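First to last, the protein sequences are chains A and B.
Each residue of the first sequence is one higher than the last, beginning at 1 in the UniProt record's numbering.
Each residue of the second sequence is one higher than the last, beginning at 1 in the UniProt record's numbering.
To be clear, the hints were calculated from the coordinates, so they are not data collected in a lab.
Incorrect hints may have been included.
Claimed, not checked - Here are a few chain A residues that sit away from chain B, every Cβ distance over 12 Å (derived from the structure): (1) V19; (2) T20; (3) L27; (4) K36; (5) D55.
Said to hold, decoys possible - Computed spacing ranges between beta-carbons, pair by pair: (6) S16/B with D26/A: 24 to 30 Å; (7) E22/B with K36/A: 35 to 41 Å; (8) L17/A with T23/B: 39 to 45 Å; (9) G43/A with R33/B: 20 to 26 Å; (10) I65/B with G43/A: 22 to 28 Å; (11) G68/B with A40/A: 23 to 29 Å; (12) T23/A with Q21/B: 14 to 20 Å; (13) E4/A with S16/B: 26 to 32 Å; (14) Q21/A with T23/B: 37 to 43 Å; (15) G41/A with N5/B: 23 to 29 Å; (16) K42/A with T23/B: 28 to 34 Å; (17) G29/A with N5/B: 19 to 25 Å; (18) G31/B with G67/A: 27 to 33 Å.
Said to hold, decoys possible - Straight-line distance between alpha carbons at most 25 Å, and here's what the computed DMTMM-like set of lysine to aspartate or glutamate pairs gives: (19) K36/A with E15/A; (20) K66/B with D26/A; (21) K8/B with E39/B; (22) K64/B with D26/A; (23) K66/B with E4/A; (24) K64/B with E60/A.
Please read these numbers as outputs of a predicted model, since none were measured by experiment.
C-beta atoms are modelled at their ideal positions from N, C-alpha and C, and glycine is treated no differently.
There are 2 protein chains.
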Amino acid sequence: MHFENIIKTIKERRESLRVTQETLADLSGVGLRTLKQFEAGKGNPTLLTLKKLGDALGLELTLKIKGG
Amino acid sequence: MHFENIIKTIKERRESLRVTQETLADLSGVGLRTLKQFEAGKGNPTLLTLKKLGDALGLELTLKIKGG
DNA sequence: TAAAATAGAGCGTTAAAATGCACTTTGAGA
DNA sequence: TCTCAAAGTGCATTTTAACGCTCTATTTTA
Numbered sequence: 001m002h003f004e005n006i007i008k009t010i011k012e013r014r015e016s017l018r019v020t021q022e023t024l025a026d027l028s029g030v031g032l033r034t035l036k037q038f039e040a041g042k043g044n045p046t047l048l049t050l051k052k053l054g055d056a057l058g059l060e061l062t063l064k065i066k067g068g
Numbered sequence: 001m002h003f004e005n006i007i008k009t010i011k012e013r014r015e016s017l018r019v020t021q022e023t024l025a026d027l028s029g030v031g032l033r034t035l036k037q038f039e040a041g042k043g044n045p046t047l048l049t050l051k052k053l054g055d056a057l058g059l060e061l062t063l064k065i066k067g068g
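Could you build all of it, start to finish, from the sequences and the hints given here?
As structure tokens, then:
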């Protein structure tokens, strides 16, 4: 769906922390099915879902001027 | 819903470009209703919606390690 | 301050996100 | 190669995002 970079960041961060999808699902409060789908590149998560995952992984979502 | 910063960035960027919600809706392909709700702090947009708005406004969404 | 433009809200519909459960596939190690 | 853990998929349900239309509220400007 064109979120390759974001998906990649989440997945790589999770793996570098040696956390399974199941554990991350528990920690973040996101359903396991939802996380699986997301990492598999399916679907279009909501901002809330992304935020929950980011919070659990110590990642922050920012929006800034391109190039700036 | 806790996305204050993101909402604020979108809204301020739109205003600094002197673009109305209606114009941004047209340019981005996001429905006017959806944009209005989002800027009003209601709801929980999908990543795709956020990406469309960001693209139209020259903003990029990034996810990175907190503090890093 | 009256008119016009812009922003926000209510209501209803459609499409899809989020979820659980059960099953299959894949990968790493004994 | 067998086993077990982790990842990925199918199916069904519930919730809700996205949306248009209409109306109201607010802001801007002539």
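Structure-based check of each hint:
| no. | hint | in the structure |
| --- | --- | --- |
| 1 | V19 | holds (15 Å) |
| 2 | T20 | holds (20 Å) |
| 3 | L27 | holds (15 Å) |
| 4 | K36 | holds (16 Å) |
| 5 | D55 | violated (9 Å) |
| 6 | S16/B with D26/A: 24 to 30 Å | violated (42 Å) |
| 7 | E22/B with K36/A: 35 to 41 Å | holds (39 Å) |
| 8 | L17/A with T23/B: 39 to 45 Å | holds (43 Å) |
| 9 | G43/A with R33/B: 20 to 26 Å | holds (22 Å) |
| 10 | I65/B with G43/A: 22 to 28 Å | holds (24 Å) |
| 11 | G68/B with A40/A: 23 to 29 Å | holds (26 Å) |
| 12 | T23/A with Q21/B: 14 to 20 Å | violated (41 Å) |
| 13 | E4/A with S16/B: 26 to 32 Å | holds (29 Å) |
| 14 | Q21/A with T23/B: 37 to 43 Å | holds (41 Å) |
| 15 | G41/A with N5/B: 23 to 29 Å | holds (27 Å) |
| 16 | K42/A with T23/B: 28 to 34 Å | holds (33 Å) |
| 17 | G29/A with N5/B: 19 to 25 Å | holds (21 Å) |
| 18 | G31/B with G67/A: 27 to 33 Å | holds (28 Å) |
| 19 | K36/A with E15/A | holds (14 Å) |
| 20 | K66/B with D26/A | holds (21 Å) |
| 21 | K8/B with E39/B | holds (8 Å) |
| 22 | K64/B with D26/A | holds (21 Å) |
| 23 | K66/B with E4/A | holds (20 Å) |
| 24 | K64/B with E60/A | holds (6 Å) |
This entry does not satisfy hints 5, 6 and 12, going by the numbered hints stated previously.
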